Amino acid sequence: MERIYIFKRFERIWHWTQALLIIGMMATGFEIHGSYTLLGFARATTVHTTAAWALIALWVFAIFWHFTTGEWRQYIPTTENLTAMIRYYLTGIFSNAPHPFRQTQLRKHNPLQRLAYLGVKLFINPLIWASGLAYLYYNEINAAGYAIGLGSIALVHSIAAFLMLTFFIVHIYFATTGHTWSSHIKAMVTGWEEVEGDARSVP
Amino acid sequence: MKTRRILVTLLATGLAAASASALAYEGDWKRGRVYYRSVCTACHAAQAGGSIAPSEMTKAQWQAYLQADKHAKGKDSLKQYVGKPYRASIRAQNKAADKFADVPDEELFEDLKAFVIKGAKDGDAPASCS
Amino acid sequence: MKIRHLVLLAGFALASALPAGAAPAKLNTTADHSKFKELQQEFASGPEVTKACLGCHTEAASQVHRTKHWNWEFLNPANQQRLGKKNVINNFCISVPSNYAFCTSCHIGYGWKDGNFDFAAQENVDCLVCHDTTGAYKKLPGLAGHPPYKDTEVLPGSGKIVKATDLAKVAQKVGKTSRDTCGACHFFGGGGDGVKHGDMDSSLASPDKELDVHMDATGLDFTCGTCHKAASHDVAGSRYTPVARDTGGAHIRGKEDDSNPATCQSCHGETPHKKGEAAKLNDHTNVVACQTCHIPKIARGGVATKMSWDWSTAGQLSPEGKPLLKKDDKGRVIYDSKKGDFTLGENVEPEYMWFNGDITYTLLGDKVDKTDGITHINKVGGSATDGRSLIWPMKVFRGAQPYDPVNKTLVTPHTAGNDDTAYWKNFGWEKAIATGMKASGAPFSGQVDFIKTDMSWPITHMVAPKEAALGCADCHSRDGRLAKVGGVYIPGRDHDPLIDLIGWLMAGGALAGVIGHGALRLVRRKD
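Chains A, B and C, in that order, give the protein sequences.
Position 116, counted from 1, in the first sequence is what my numbering calls 116; the numbers after and before it change by one each time, with no gaps.
Position 42, counted from 1, in the second sequence is what my numbering calls 1042; the numbers after and before it change by one each time, with no gaps.
Position 411, counted from 1, in the third sequence is what my numbering calls 2411; the numbers after and before it change by one each time, with no gaps.
Hints in this document: simulated from the structure, not taken from any laboratory.
Check before you lean on any hint, since a few could be wrong.
[Stated by the list, open to error] With a cut-off of at most 30 Å between alpha-carbon atoms, the simulated DSSO-like pairs for lysine-lysine come out as follows:
no., chain 1, residue 1, chain 2, residue 2
1, C, K2176, B, K1121
2, C, K2466, B, K1095
3, B, K1095, C, K2209
4, B, K1059, C, K2138
5, B, K1121, C, K2330
6, C, K2035, B, K1059
All values reported here derive from a predicted model rather than from experimental measurement.
Please take these sequences and the hints and turn them into a complete structure.
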């Protein structure tokens, strides 16, 4: 058993802040959508809007961080080992088969994670971001002469929200698929991941 | 001596004018209405077991009541509740008392009188409490 | 020395006496009408008072002559409909012609007792009904706009005596219009306190802040004229051509602006909500009328408003042939043989609809058909897309009223009067309608049936304090106030059911999948 330092401090702060904001925004967002009543519409919109701005600010920092540190490369998709990963989650995981992917500081994410996170970053996030801003500035957009219905904006925003919710559910579950049920989660808290076998972290 | 006489005359006219002006005040029933409803009725409804509509008494009854200056079956003075000290004491909670805080007592009393006489059972426009 | 003393004394006395002596000067006017010789006389009638008024106010009557208040007639420039109280039909007391002497107790004139009233006579203008400050000037139904000149029974047989009007006293105390003077008619539209409008009744004569934030008698104390700013006796604001959406911004002194000064926006502009969280509310002002949120309920002052009126049940008499009067547990009349069944309401939630200010009346002669369902006495124009509409609160007054099933027209019954055809005396529709239609100059087949009608009244008074305005969730919820208003996407109310279904299936599927997967792991690990 070995421990390697995977997640740097900024990454962890970013991750957990983002997690908190997204959970809050999903809870308030679906309330605004009319799915249930929790805080009341007025407070839900206030919380949702405030969290949106906080998340946007966080994303700006995170994007900056990814590009200055080169960490963006972590999300370059690869097909290498992809089928092996799929096969592992479909069968191997149930028979304690060895994990086909070996985490290193340079390769934090397995090919499936890469694809999923890239999808979130390049598709779901921009969709939520753009439709959300359009939602907030609906009046100004229309005043500027772009006749977009609030209904269409809300539709796109809710599609993105459902995608995010689905990602969120799967993501949480996969957080339990590490060496132990909690090792991934611990890693996201402390930065240190327990890795099976004698893999050495590549400096 | 002549000067003196002129001065005395002047003085007399001045005083006469002053007293005439005091007598000349005529009750403003609308101001009375606001005070009646916002101060008298508000308190009666909340603390004194129900409000009293102007139309519950005749003009003569109101005249007599106001003349007697007895409030709460004679326990205290009615005028007291129109007076500046009373208004000052409730102005923080009562907008009417606040608005009319500086109206002379006699004027406000005349206002109230004008309203209840007008709104009396046999008045020009019998009035309810609200 | 003595003289000097006296001089000083006199000086003091004058100094203290004179300002007090000058004090009774009325500071809200430059003219004390009680000092005018012209008004210090006994007046035998209203027109005599008017003549005295016109002696100084030479142009007043001809100004009044040009107004709707005087003519009860208005040509709608948008659709050329001839409107005005003289011409329209409503579903309250229905119509004016043939009932002049009663209806014109709310006319600002004297003597309009039939179709031959002289609209050009200056002395027929009633100055006092608007300019009275004493509250002692009352025009009674049946007197064709005159106040009682001798002690008079309000309605024959009622036993309620109204004393002769002291015209000289009223004339000497004239002043500006007030909530009381406007209210003398407008609070009592439809034949009684609060009956017609729902947002106007006698509780507004001296309201508190909760009832009306502007007219609050201990606060801002607006009169009607504060908003309905009159010029040359023409009062701003119109029920026939209302401004539904005012985008002209707030009126500013010195800036020429002939737009309606009675709209909310003419003072508050279109972005009245302060910065911060409330600023989002400014994003609503191109969709929702101010009144929609700021008048959460109507008839809030303790006076009930009529919500419906069914004329078809009128005329039921007691076994002795006497008219009946039924009251509810609050003592309010809900059945009157003269008029039929009523329903009343206090603290009523208005109905909401797109409104652009266009109102089309169903007039006498317009074809109506029972099979059309409900006939709209006034059709309210508006849509989400015409760029002129906002979502407005309305009091929708529903009823059933007599019509001519052969000619297929509404009818104008003769209701009030002490003669042998007036409905309220004789309880016979055919005769009453024949008389009424003759007075209106319209054909009548002799057949009577009843037709369902409704009438919409835009709500704009009884503006509540901001704390009592509607909250977000009142509309932003699945079954909120605007549940029936189409053409607009309201977050919290609207959603795409298909997308929601797919979305929940997707998320639910994912959840089921991972739970299954996890369970399998758990089971296998135990093996």
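Checked hints:
{"no.": "1", "hint": "C/K2176 to B/K1121", "verdict": "27 Å, holds"}
{"no.": "2", "hint": "C/K2466 to B/K1095", "verdict": "18 Å, holds"}
{"no.": "3", "hint": "B/K1095 to C/K2209", "verdict": "10 Å, holds"}
{"no.": "4", "hint": "B/K1059 to C/K2138", "verdict": "19 Å, holds"}
{"no.": "5", "hint": "B/K1121 to C/K2330", "verdict": "21 Å, holds"}
{"no.": "6", "hint": "C/K2035 to B/K1059", "verdict": "28 Å, holds"}
Going through the hint list in order, the structure satisfies each hint without exception.
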